[in-house]
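Enquirer: Each protein sequence line maps, in turn, to chains A and B. The opening position of the first sequence corresponds to residue 514 in my numbering, with each subsequent residue numbered one higher. The opening position of the second sequence corresponds to residue 95 in my numbering, with each subsequent residue numbered one higher.
Hint data in this document are derived by calculation from the structure and do not stem from the laboratory. Fair warning: this is a prediction, and the values are worked out from it, not measured in the lab. Heads up, the beta-carbon is just placed ideally off N, CA and C, and yes, glycines get one too. Be a bit skeptical, because a hint or two may be false.
Pairs of lysine to any residue residues, derived as SDA-like cross-links and limited to a Cα-Cα distance of at most 20 Å, are as follows [said to hold, decoys possible]: (1) A:688 / A:708; (2) A:1290 / A:929; (3) B:138 / A:902; (4) B:122 / A:909; (5) B:127 / A:760; (6) B:138 / A:912; (7) A:599 / A:527; (8) A:826 / B:153.
Which chain A residues stay away from chain B? Per the calculated CB distances, all over 12 Å, these [as the list claims (entries may be wrong)]: (9) 768; (10) 828; (11) 1287.
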Amino acid sequence: MAIDYAVPEDKRALYWLGDKLIEHRNPVMILVLLVTGLFAYWSFQLRLVTSFGDLLPQSHAFVKIHNKYSGTFGGANNIVVMMEVKEGTIFTKENLTKIFKMTDGMDTVYGVNHNQIESIGHRTVRHLRVAAGGTLRAEPVMLRAPQSQEEVEEIRRIVHNAENIYGLIVSLDDKAAILRANFIEGRLDYKRIFDEVNEKVIEPYEDENTALYVAGEPRLYGWVYRYAGDVFWILVVTYCIEWVLRWMYFHDWRGALRPTLTGVIAAFWGLGFVYLIGLALDPLMLVMPFLITARAVSHAIQMHDRYYEEFEKCGWNKRRAIVAAFAELFVPTFSGVVTDALGVLVIVLVPVIMLQKLAITASFWILAITVSEMLLNPIVYFYLKPPEPELVVLRERGGFRKGIERFTHVLMSPLGKRVTIATWIGAVVIALYFVRGLTIGDPTAASPLVWLDSPYNVSHTAIQERFGGVEPLIVVAEGFDKDAMKDPQSLRTMEKFQRHLERDPDVGYSFSLADIIRAVNGVFHELEPKWRVIPDSWTDIGGLFFIFFSGSPPTETAKYVDPSYTTAHVTFFLKNHQGDTIRRVIARCEKFIAENPMDKAAFKLAGGLIGVLAAANQELVRNDVLMNFLGFFTVWVILVFTYRSFSCGLYLLGPLICSNIIVNAYMAARNIGINIHTLPLVTVGVGFGIDYGLYIVSRVIEEIRIRGDLTDSVREALVTSGKAVTFTAVTMIVSTAFWISSNIRFNAEMGLLLAIWMAISYVGSQTLLPVSILLFKPKFIMNEATYSQDQARAAAQRA
Amino acid sequence: MELNIWNSVAIVLGFSLLVVALDEYVAKPWRHKRWERRAQSGDKEAQELLRVARSAKVVDE
Chain A
514 MAIDYAVPED KRALYWLGDK LIEHRNPVMI LVLLVTGLFA YWSFQLRLVT SFGDLLPQSH
574 AFVKIHNKYS GTFGGANNIV VMMEVKEGTI FTKENLTKIF KMTDGMDTVY GVNHNQIESI
634 GHRTVRHLRV AAGGTLRAEP VMLRAPQSQE EVEEIRRIVH NAENIYGLIV SLDDKAAILR
694 ANFIEGRLDY KRIFDEVNEK VIEPYEDENT ALYVAGEPRL YGWVYRYAGD VFWILVVTYC
754 IEWVLRWMYF HDWRGALRPT LTGVIAAFWG LGFVYLIGLA LDPLMLVMPF LITARAVSHA
814 IQMHDRYYEE FEKCGWNKRR AIVAAFAELF VPTFSGVVTD ALGVLVIVLV PVIMLQKLAI
874 TASFWILAIT VSEMLLNPIV YFYLKPPEPE LVVLRERGGF RKGIERFTHV LMSPLGKRVT
934 IATWIGAVVI ALYFVRGLTI GDPTAASPLV WLDSPYNVSH TAIQERFGGV EPLIVVAEGF
994 DKDAMKDPQS LRTMEKFQRH LERDPDVGYS FSLADIIRAV NGVFHELEPK WRVIPDSWTD
1054 IGGLFFIFFS GSPPTETAKY VDPSYTTAHV TFFLKNHQGD TIRRVIARCE KFIAENPMDK
1114 AAFKLAGGLI GVLAAANQEL VRNDVLMNFL GFFTVWVILV FTYRSFSCGL YLLGPLICSN
1174 IIVNAYMAAR NIGINIHTLP LVTVGVGFGI DYGLYIVSRV IEEIRIRGDL TDSVREALVT
1234 SGKAVTFTAV TMIVSTAFWI SSNIRFNAEM GLLLAIWMAI SYVGSQTLLP VSILLFKPKF
1294 IMNEATYSQD QARAAAQRA
Chain B
95 MELNIWNSVA IVLGFSLLVV ALDEYVAKPW RHKRWERRAQ SGDKEAQELL RVARSAKVVD
155 E
């Protein structure tokens, strides 16, 4: 069937395209279904995996140092277990046996670095003993579980006299001991590590008198994986509620089904693509697929609403109605999809592999909406039975429509316009005040990924309170030549560095090669305190190192210094990883390093969890403003192409920028920092708010061509497209807000944040945007007012 | 109850079918009767809307 009826001249090509899609429906449908089937197969191959390396900005100098030395000096992935006894002390046969067996258990957990376990029950934690003949030997504190009370007392004596153990691995009141294990980054299987730690280290040893607390990044991610099953509950509840909402809105099950098809097809394409490019799903990124699917569903709702409207307008001709809905909504739908896709793509600028992969997959996923929504849409409608005219007629006179009409009437009154402008100005001014508190990095000491009262945060707090600090910052002292670490000036600078930074209230304690040399020198001189100093000559230092390390294999000594004594490290244990703490400590390190150069070595920042978080935070600071700018600029460029007007961007971006400021203020007020996990979701929010405005503005242009009057056109746009926008906003908000029930605090907070964002963007598109259009009468809309007359004149001239 | 991908899919499919069935066999007849009653009781708007709907000739080709 050709387009042999009157259609808008400038949209004739779109009408033709819609009609051709229906004409060639079978091959198009088969092709799309085949490709979708393939993507669906790939989707089911996806697994939940977090790659730690992908979370780091690999090009950052800190991360390069971290990668170079994490295998020997310790990485960012430590598990810390604290055993605390309620009655008595840990120095009983039973308790020390537990520590020994727990340590043994930890040594068999998958992925553990066997040479980087610290516990009084591990071979690598040694003390100096004067042997027969006056020689000194570095021996493990415990070679076996104590067999008698005498052995227990001997262990207590050793611990109380060892500077590297007492207060650091065993608490000063003897009631708690620490077991710290580092995990190899290439072998991080969080779920397996979580289960094995429970099975081998925790469950067999917990009893009424013994409390065990476990913290550290691998444990935290283990909990996140354990809670990830929540997603299915959220999926099911959200799906059911969305179906009911759509059914109530359309008064027809087809209205509930059609957007589901769009969402499912786009989801298969998106998830399949994730698998195809070799990615996995991160449990902390599960909100993102929901958000994109909700986006796809909301476009489908717009189309379905328009189809019903056109069905009545086109004299109940199904095919014409389908084609008209397709052609009339093509521009706002396509612009919305492209804006969303390119808006997300700007994340690719952040040099973090995970974010770059996420940007590419999210963009592809969003672009896939064009297939499910635009290519397939006319065909699916054609296959479905048309709605009953009674249903179409009656739903247009329902309470929802009447409510929207009343609201529009109030909004467009002189008072309504003044109140709207005043409210938005007030809200933005208040938001600008609060937005100053927005933090880069984590704003609290507890992990923001899980709830404050979660087992993880309870453990984390308990360990911090008793031992001061568990978050390592590793500063490498890289020598220029062999034996640089035997140089007294190098060692003294390292010691000075420790004392300097320990003055910071958030640095719990520190450790370096200087501590070892002072302890060995003291023992070598019959524990006289005056000898607990760094010797003046490198030969003396070399001799003392020989005494301490001679009985240990190189794999054990490597965690302190490399075999050629070229490179060592100073490790600081911080009490938290708050963004402000990290920034301040790193700044202090940089200042000290600049003011205290070493002759034979140089300090290099920084490894450990604090080092890599500092790198990530620095990259985020560097890119945050740029990404926001590029996000808005991309939206503006697409708007320029869509409406062929430079000023249209101001009208559509105005509400978006206001929403952005308010949401950032909300984040600051709720202590939600910008970090590697929140950044992509926040960036996605920037682009997603624009879609509501696109539908409104497109409809205003469409109506002004027919009516010629701006006020009437804006009113009609608000009660038709605005009605659908209101409903899509409700569905978007519902689909993200249900995440609030998640056990993963991050997902819950992000779900709520995005729901609030959607709500503010929606309110902006329904109030600020139309009022601005009415007040300023933009040229790109007003020029269309004479469209009908121009068309008639052109037709007359042709005739 | 622990949900996984398969029982989640089963629940949402079952729910969808339930909504379709309820819509076709319960909601639509009920809504139709309600408007009929309103029209019979002299509601001018309901009479007009039903007249428009009944006079509509659907072209489905």
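Enquirer: Next, verify each hint and record whether it holds.
Expert: Do the hints match the structure? See the list:
| no. | hint | verdict |
| --- | --- | --- |
| 1 | A:688 / A:708 | violated (27 Å) |
| 2 | A:1290 / A:929 | holds (17 Å) |
| 3 | B:138 / A:902 | holds (18 Å) |
| 4 | B:122 / A:909 | holds (16 Å) |
| 5 | B:127 / A:760 | holds (19 Å) |
| 6 | B:138 / A:912 | holds (17 Å) |
| 7 | A:599 / A:527 | violated (76 Å) |
| 8 | A:826 / B:153 | holds (13 Å) |
| 9 | 768 | violated (10 Å) |
| 10 | 828 | violated (7 Å) |
| 11 | 1287 | holds (30 Å) |
The structure fails hints 1, 7, 9 and 10 (numbered hints given earlier, in ascending order).
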